[in-house]
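Generate coordinates for the entire structure from the input sequences, incorporating the hints supplied.
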Amino acid sequence: MSQSMKFSRRQWLTTVGKASAAGAVLLAAPAFARGAGKVVVVGGGFGGATAAKYIKRRNPAIDVTLVEPAKTYYTCPFTNLYFGGLRTFEQQGHNFDELRSMGVRVIHAFASGVDADKKTVTLKGGDTLSYDKLLLAPGIDFRWNALEGYDEAASKLAPHAWKAGEQSKLLKQHLENMRDGGTFVMVAPANPFRCPPGPYERVSMVAHYLKHNKPKSKILILDAKDAFSKQGLFQAGWKRFYGDLIEWVPLSKDGKVVRVDAANLTVETEFGQTHKADVLNVIPPQKAGTIAEIAGVTNESGWVPIKHQTFESERVADIYVVGDATVAAPMPKSGFSANAQAKVAAAAIVNSLAGKPPAEPAFANTCYSLIAPDYGISVAHNYQLKDGKIAEMSGGVSPADANDDFRKLEAEYGVAWYQAIALDTWGTRS
Amino acid sequence: MHTAIRISGIAALALAALAGPRLAAADQPLFDVTVLAGACANCHGTDGRSPGSIPSIAGRPEVALKQQLLAFKSDTPPAGTTVMGRLVKGYSDEQLSALAKHFSQISKTPAAQEVAKQ
Chain Z
1 MSQSMKFSRR
11 QWLTTVGKAS
21 AAGAVLLAAP
31 AFARGAGKVV
41 VVGGGFGGAT
51 AAKYIKRRNP
61 AIDVTLVEPA
71 KTYYTCPFTN
81 LYFGGLRTFE
91 QQGHNFDELR
101 SMGVRVIHAF
111 ASGVDADKKT
121 VTLKGGDTLS
131 YDKLLLAPGI
141 DFRWNALEGY
151 DEAASKLAPH
161 AWKAGEQSKL
171 LKQHLENMRD
181 GGTFVMVAPA
191 NPFRCPPGPY
201 ERVSMVAHYL
211 KHNKPKSKIL
221 ILDAKDAFSK
231 QGLFQAGWKR
241 FYGDLIEWVP
251 LSKDGKVVRV
261 DAANLTVETE
271 FGQTHKADVL
281 NVIPPQKAGT
291 IAEIAGVTNE
301 SGWVPIKHQT
311 FESERVADIY
321 VVGDATVAAP
331 MPKSGFSANA
341 QAKVAAAAIV
351 NSLAGKPPAE
361 PAFANTCYSL
371 IAPDYGISVA
381 HNYQLKDGKI
391 AEMSGGVSPA
401 DANDDFRKLE
411 AEYGVAWYQA
421 IALDTWGTRS
Chain F
1 MHTAIRISGI
11 AALALAALAG
21 PRLAAADQPL
31 FDVTVLAGAC
41 ANCHGTDGRS
51 PGSIPSIAGR
61 PEVALKQQLL
71 AFKSDTPPAG
81 TTVMGRLVKG
91 YSDEQLSALA
101 KHFSQISKTP
111 AAQEVAKQ
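Chains as they are written, first to last, in the working numbering: chain Z, 1 to 430; chain F, 1 to 118.
Everything hinted at is true.
Reference listing, derived: stretches of chain Z covered by chain F, where coverage requires no fewer than 3 residues with Cβ under 8 Å from a Cβ of chain F:
#1 336 to 346
#2 357 to 371
#3 392 to 403
#4 410 to 417
Hints in this document: simulated from the structure, not taken from any laboratory. In this text, a Cβ means the ideal position worked out from N, Cα and C, and glycines have one as well.
Quick look at the structure:
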């Protein structure tokens, strides 16, 4: 839609507002009056792809463009099973065929600029897209050097593998090349970060691999915090399946790493202890994906404050942000949260373009973690608005005293969850 | 379903337009069962049609769905309940009734949905 049409739509809405007998005008109104408009979505992960799909489902007349550099999007969730040898990397990949078949214009490019006044997005290479509503689902970027010595170059030697892709393959390769009797050191970040149970599931799956392939090896987790997601369940599972293979060092026991020497695979803690790794996995401090900063929607924390009812930016009108980039606590930064938030934002965008108020939002999050094959645990919450803010209405973690049938069922449901959310997000079957 | 949404959208706009700008600008949130149901699809599949071992909920009888949801919410959930007890407790009975009705009205397969529309 051109700028002039955009103007005329607004002018028309204003006219409707003022008219006393607008009903007759409305019935004869052209297509754009039914709530069509132009939406640009940046990011093709759980948040962005879901938003594009659900906007189209709600109103096919809306012109939706999705901007995502990757032709195949690889998910972070379930890469831990790849480290455990339970899944191939290719199983993590999802294409955009369903979105295209629904009429979404998918552009494989990198969004490098946003002009919120002109309402345009600039692509690397120079093309410009105009929007009535912009939805950013940029995920995370890393705060390079916020942890001394850990920058992009260091990540080639000590992979983070906290974005799926080459980094995942690199960490897997390091793990496979490690000698039996070596030490896998994980540096775990302080809150908030992408996927709160992720580091601990990763450790579980690395332990599974080591137990069966390099049983003399050890895992050391150096953690910048004193507690973590599903901690009791993880620790009980580790003890049962991996004995003393895994050692967790919390913040209060000098677990916080302050310096990384990637070339020598050593790290130094707050109180001066040095640890030498055979494989070093550093999960660094994070922030919202860079395009959010460029768009001016981040705050001093580096994350994006949003209106809880719609996920529209608190700072910039007509820009919506979903997923890991946002400040949406108590919702965790997870693919599930991003998908749930994207549906709420999609409905709010569609309503707004139609001149309607947003619907009452509702969200859920369930994160399954696999400790060993056939042994899964979960955390699940229901979130709704309370006094205008996202609040936990109910939820919790799997019971501590559950039997093995229950754990097996949750391991199976974890796989079924991945199948369902992949289908719901990209329309892909795995 | 899309048609229904669009028609109700037009109806709401028409109402808003007839009532004047005040109602159109009201910040009162709407109840929209499709938004409430959005969070179900993450595990049960889009429109409640599951591709895996989590049960499909599309096209099951409303009474059965409602009974099952209320059973999850009760202090004695059915044997084998995992996450549903934790998730459902935070919904009101009215919300659960709306969800049961919503999913009962969706066809079990997309093909059946197309036939029903014609």
